[in-house]
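All chains should be built: construct the whole structure from the sequences, respecting the hints.
2 protein chains.
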Amino acid sequence: VVGLVERTTKDRRDEQRERLVDCAERLIGTQGLQAVRARELAKQMGCAVGAIYNLVGDLDELVLLVAQRTQRDLSTYLDATAGAMVGDIGAEILLVAWAETYLRFARENRLRWRALFEFRLPAGIALPGWFEQDQETIFARLEDRLLPLTRDQTVAARKLKARMLFAAVHGIVALSLEEKIVAMPVDAVAGELAAFVRAYLRGLTSV
Amino acid sequence: VVGLVERTTKDRRDEQRERLVDCAERLIGTQGLQAVRARELAKQMGCAVGAIYNLVGDLDELVLLVAQRTQRDLSTYLDATAGAMVGDIGAEILLVAWAETYLRFARENRLRWRALFEFRLPAGIALPGWFEQDQETIFARLEDRLLPLTRDQTVAARKLKARMLFAAVHGIVALSLEEKIVAMPVDAVAGELAAFVRAYLRGLTSV
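Read top to bottom, the protein sequences are chains A and B. For reference, each letter of the first sequence is one residue, going 1 to 207 in our numbering. For reference, each letter of the second sequence is one residue, going 1 to 207 in our numbering.
Take the hints with a grain of salt, since some may be wrong.
No copy labels: a pair is met if it fits in one copy or bridges any two.
As the list claims (entries may be wrong) - Under the rule of at most 20 Å between Cα atoms (straight-line distance), these lysine to any residue pairs were calculated in the SDA-like manner: (1) 43 <-> 58; (2) 159 <-> 189; (3) 43 <-> 23; (4) 43 <-> 132; (5) 159 <-> 177; (6) 159 <-> 48; (7) 159 <-> 188; (8) 159 <-> 132; (9) 159 <-> 192; (10) 43 <-> 17; (11) 43 <-> 60; (12) 10 <-> 33; (13) 10 <-> 89; (14) 159 <-> 75; (15) 159 <-> 185; (16) 159 <-> 186; (17) 43 <-> 13; (18) 43 <-> 59; (19) 43 <-> 134.
Since the hints were derived computationally from the structure, they do not count as laboratory data.
Printed below as a string of structure tokens:
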């Protein structure tokens, strides 16, 4: 009986925690990262501010839990793109399609996507392992597809290339989507993104 | 005599305005963009808060004046890199060296560089012409060097390619330098940046 009660309490806590992450996700998705405040969360949850900290260690952990969902949604987009392709497609075609999928993901999930890159952990605090593992699975896709295009011998070299290609595409998407002071028109970029990635990949194999 | 007095007043105002930009530049360079506040500026200038707004229209204009200086400093770095190269060097060598210069500039001027991309104008507000013109001159360098490597017929297509290459390098530099949740080790990136740009440029000419 004690075991049962304990399980029920744990289940209820997990459920509350999910509701809290839902809440934070909605705030980020509609108002942005800076809207995640303990007082606002408590109001929406109908609980005391202190109760928030029984569910998560701090607001940084909560933001990372939302970021984890955003990353998983991005994975879903990438998988859907790969799944929609018929037959044995080459690495170049898929990588180019993924770059365009990334732009679409950022456009369709603007504020949640932006939060992934606006968020900064306090100095000296490392990412939790569960979060990094999720990121690894996203990059692993890229690594697998880049592999036949490179002559890199080491896993570290392939990992770095995959992350740099991601960062390059991200930079193009970010500077074109965000109204920053270094601006590029997003529609023009959308039409040219495939050519950019293709040029890089061809250069990779030709060097 | 009236003309003389007027000129002196204008000179004094210009001088005060320069001091104000110095002040904001120091705040951004040591504490970041969010440190630029009217009250703090007034304190450092030894004037009333209202007097700040006699010198600049608003704090956004002030931040853009600092950003203009940051952009000009970046131009100085790029020119120094080009100037240090002897003889008739090819476009590839210079573009690769510029990418590495950009990484160095970001590392050496971290907070001022970051402010260029953190700053966002209010929705619907366009960049002032004088600021955009300065940006044009930076990108014009890239366009000139990319030109022999592309078969683009139109100026618009070349401009877009130059900005996308900049954005790609910026994305790599930003995700590696900033402690963001998508991270890449900066020293590894520094060693691989040249290869990335080279691959892209070779792909450009081979397509």
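Each hint tested on the structure:
1. 43 <-> 58: Within one copy only: 17 Å inside, 35 Å across.
2. 159 <-> 189: between (26 Å within a copy, 11 Å between copies)
3. 43 <-> 23: within (10 Å within a copy, 41 Å between copies)
4. 43 <-> 132: For residue 43 and residue 132, the Cα distance exceeds 20 Å both inside one copy (31 Å) and across copies (44 Å).
5. 159 <-> 177: Classified as between: cross-chain Cα gap 17 Å, same-chain 27 Å, threshold 20 Å.
6. 159 <-> 48: neither (44 Å within a copy, 55 Å between copies)
7. 159 <-> 188: This pair counts as between: shortest inter-copy Cα distance 11 Å, intra-copy 30 Å.
8. 159 <-> 132: within (14 Å within a copy, 37 Å between copies)
9. 159 <-> 192: Answer is between; shortest inter-copy Cα gap is 12 Å, intra-copy 25 Å.
10. 43 <-> 17: Within one copy only: 15 Å inside, 46 Å across.
11. 43 <-> 60: within (19 Å within a copy, 34 Å between copies)
12. 10 <-> 33: neither (29 Å within a copy, 44 Å between copies)
13. 10 <-> 89: Classified as neither: same-chain Cα gap 46 Å, cross-chain 67 Å, threshold 20 Å.
14. 159 <-> 75: Answer is within; shortest intra-copy Cα gap is 17 Å, inter-copy 32 Å.
15. 159 <-> 185: between (31 Å within a copy, 11 Å between copies)
16. 159 <-> 186: between (28 Å within a copy, 14 Å between copies)
17. 43 <-> 13: within (18 Å within a copy, 50 Å between copies)
18. 43 <-> 59: within (15 Å within a copy, 34 Å between copies)
19. 43 <-> 134: For residue 43 and residue 134, neither the intra-copy (31 Å) nor the inter-copy (47 Å) Cα distance is at most 20 Å.
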